[in-house]
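Enquirer: Protein chains in written order, with my numbering: chain A, 5 to 330; chain B, 20 to 539.
Quick caveat, the hints were computed from the structure, so don't treat them as lab data.
These figures come from a predicted structure and were not determined experimentally.
Be a bit skeptical, because a hint or two may be false.
What the hints assert, rightly or not - Examples of chain A residues toward chain B, derived with CB under 8 Å:
(1) Ser186
(2) Arg189
(3) Tyr192
(4) Ala193
(5) Asp197
(6) Pro198
(7) Ala204
(8) Gly205
(9) Pro209
(10) Phe261
(11) Val264
Yeah, the Cβ is synthetic: ideal placement off N, Cα and C, and Gly gets one too.
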Amino acid sequence: MGSRASRGILRNTTFVLFVLVFVVFGMLARNFLTLGNLQVILSNSSYIGIITVGMTFVLLVGGIDLSVGSIMYLSAVATSLVVNDLELSPWLGVVACLGVGLAFGALNAFAVTRLGIVPFIATLVTMIAGRGLGLLVTQSVQLDFPDSITLLATVRLGGVQLNILIYALVVAAAALFLAYTSWGRRLYAVGNDPEAARKAGLKVPRLIGSTYVLSGVCAALGGFVSIAQIGRVPAGFGRNNEFDAIAAAVLGGVSLFGGVGTVFPGALLGTVMIRVIQAGLVARNIDIYIQPIIMGAIIFFAVLLDALRNLQLKKLGRRNIMKMET
Amino acid sequence: MHASMEGRGPSMEAPEGAAFQFLGVTKSFFGVPVLREVSLSLRPGSVLGLVGENGAGKSTLMNVMGGVLRPDGGRMLLGGTPYQPQEPGDARAAGIGFIHQELNLFTNLSVAENMFIESFPTLRRTPAIDKRRMAERTREHLAQIGLDISPGALVETLSPGERQLVEIAKVLAMQPRIFIFDEPTTSLTAKETGLLFEVIRRLRTRRASIIYISHILGHVAELADEVAVLRNGELVATGPTAEYPVPRMISCMVGRDLKSIFPPKASAPQEEVLLRVEKLSQPGIVRDVDLTVHKGEIVGLFGLMGSGRTELARMIFGVDRYERGTVRVGNGLLPRGDPRAAIERGMAFVTENRREEGLLMNVSIADNIGLVALPEFARAVTGHLRRRRLQEATAQKAQELHIKATSYEAQPAKSLSGGNQQKVVLAKWLLAAPRILLVDEPTRGIDVGAKYDVYTIIGELARRGSGVLYISSELEELLAVADRILVMNRGELVGQFERSEFAEERVMRAAFRQGDEVRP
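Next up, chain A with everything else stripped away, as it sits in the complex (with noise of 0.2 Å):
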């Protein structure tokens, strides 16, 4: 019966991690794990929670897209050409912000489909290439947005934050179109096994394109997010947040191997998770040099149970001869 335990666990690791990381935080630091304060945790998570869906979409599939950091910071920079510079309504700033993502999601699609190159290394040039570029139009200089935008931020529908209702309602769309519609299900045929994927005639090209245009705009989606909340964009904007989405992700229990892992309840609460560990650090005044070392730890962690999960399940999965008996 021990193996059927250890099934269990392992099946349900981010239950088991969820309820680990409110356990250890809430003994570390008290008053820190008060509702107010899990108000505000969300509320942060949702900009990195909106990159993690489409994240896990890319995960899904066994890719990988580190260039949403970029991608992020592009799309702001677009925005503030459209609202600051050309002086247009907010409404055209999203509609900028949302097509460089798109852009750009799709010539990750383009260089992963159809170039050929192996997904860590097409995103990770359009990583550098696209800060490079957003770099070059702002000359570094930090980007400030009018009221018009950040005023969006206080918007309350029904007493919950607008932020919090956006990323409620892509969790909600991913999660249905996963589990409901042909596409979602042929994204995990994909993340299984590609090969036996083409055989049956699936799109198999089509299909992993657009879970990279996706994340780009999932990318575009969370950054403007965060523009309406903090008003400001450095030029640092969105760098690391792809470690962050990638991490939130995995804690969710989306497989790196492709093919296993939801949106709900997966994804959002990986993305709770990251968020509860690094406001949990700051709570405790753990030393800035030193919270880089427990993410990675964390991250670390995260893959490893994944790897761990992988072989464990195969090994569980294989047939047990003497127990047949009965």
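With chain A fixed as given, assemble chain B onto it according to the hints.
Expert: Here is chain B on its own, set in the frame of chain A:
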């Protein structure tokens, strides 16, 4: 030669109302002909058994029919009209269902999702999948082949046999009129095989046409109405099954009358014990296994699929862990879970998954053969390889084993047929001259001629003083090859038979552990 051409009369060339016809189909790969003017027709409502050695062209012919490959010459007629598929989708659309040997299932999806992955039923005017309708239709399709599993079950939770049946149900769901079954029974239990045969017979009564490819000639004889034999890309015989009993099929396949399917026994066990396993146990896998292998002895390990034979061999070799018990080579205790130690003591393990575990597919035949014995060809101090000597040794082994290739140095292992790949795996270990050889299903999926070579090689090894533990599900071959047969059932050794006591029925009875609930 001409003896095997009989039965290919003009009446077979243009029968009335054939469901499918090949007319002079040819195909070459890199100038090497693999199909030579094959003309063959398939009658509606009949089962055609297609047999031939590995590399005879069966797969190529079926791939041409299934739209995977395009023929170089010749024509095909589907129900009398010309048929030129450009891709597998065309074949499907034309009503040809191809059940491939390897499974194309997504283990992370449910049975129902796998059945409908190509076109999910959706709720009206939405992109949402109609899960209820999908489950219902899946249940119907599964019921057709007598498979009792939930449509919502994830494929990763199914047994290999169940997966194979799901694959078959998937093709059935497309309601083709012509079926191609390529080795469908390799992972099926006896009971599941029975189910499949019922399905095939039912299809036949509904006027479907079936091409059934298998190395298990007994199955072909049981199922097929007609038999077609391919050899070296040529159709050498066709005719009613009644005229082609298994021995005749074999002689057509190999083109000569094999004196027998098995070589004469050349080895005899000696006193010295090479391998001694005592009380080997691992909860849930094996329990208190004791066995010995003597010098020059071939010990057969027989058992039904899933009885724990492979797992036992893996533990002995040190690939898998075990909780209790000891493994001794000569007088020395072998450490647990350390295959390197096992190799150093002269043990070799030829696994059943030659594709996954035994071969480097993209590497040349010669390099594959040389792999294990490499250290012996290194210069004393610098460790440089003595290339010439290695080359000679590998080439000699390849020739001894009749590995069919144009160049051992240039040709990658993946270019070989299944039987020749298996010979490369054997050659690799033989070059290292192991004292103890563990072989797991060395003849699975390879043709009669290659099997004969494999038996000869293993017998020769035993004659030179090695001890062999020979795992097989084919009792016939163990009866011919082994000095002693051990029978395994659900993780325990339940019987032992000396060569003098060999009798098919008794061994089988032990394997099924008579008196127990008999699982076929």
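Enquirer: If a hint holds in the structure, say so; if it doesn't, say that too.
Expert: Do the hints match the structure? See the list:
Taken as an interface hint, Ser186 (chain A) checks out: its beta carbon lies about 4 Å from the nearest beta carbon of chain B, inside 8 Å. Taken as an interface hint, Arg189 (chain A) checks out: its beta carbon lies about 5 Å from the nearest beta carbon of chain B, inside 8 Å. Using the Cβ-Cβ criterion of 8 Å, the hint placing Tyr192 (chain A) at the interface with chain B is satisfied: the shortest such distance is roughly 6 Å. For Ala193 (chain A), the interface hint holds, since its Cβ comes within 8 Å of a Cβ in chain B; the closest pair sits about 4 Å apart.
Because the beta carbon of Asp197 (chain A) sits about 6 Å from the nearest beta carbon in chain B, less than 8 Å, this interface hint is met. Checking Pro198 (chain A) against chain B: minimum C-beta separation of about 10 Å lies over 8 Å; hint violated. Because the smallest distance between the Cβ of Ala204 (chain A) and any Cβ of chain B comes to about 6 Å, under 8 Å, the interface hint for this residue holds. For Gly205 (chain A), the interface hint holds, the least distance from its beta-carbon to any beta-carbon of chain B being 6 Å, beneath 8 Å.
A least Cβ separation of about 16 Å between Pro209 (chain A) and chain B goes past the 8 Å threshold, and the interface hint is therefore violated. Evaluation of the Phe261 (chain A) hint against chain B yields a violated restraint, the C-beta minimum of about 10 Å exceeding 8 Å. Interface hint at Val264 (chain A): satisfied, since its Cβ lies 6 Å from the closest Cβ of chain B, which is below the 8 Å cut-off.
Against the hints set out earlier in the document, violations occur for numbers 6, 9 and 10.
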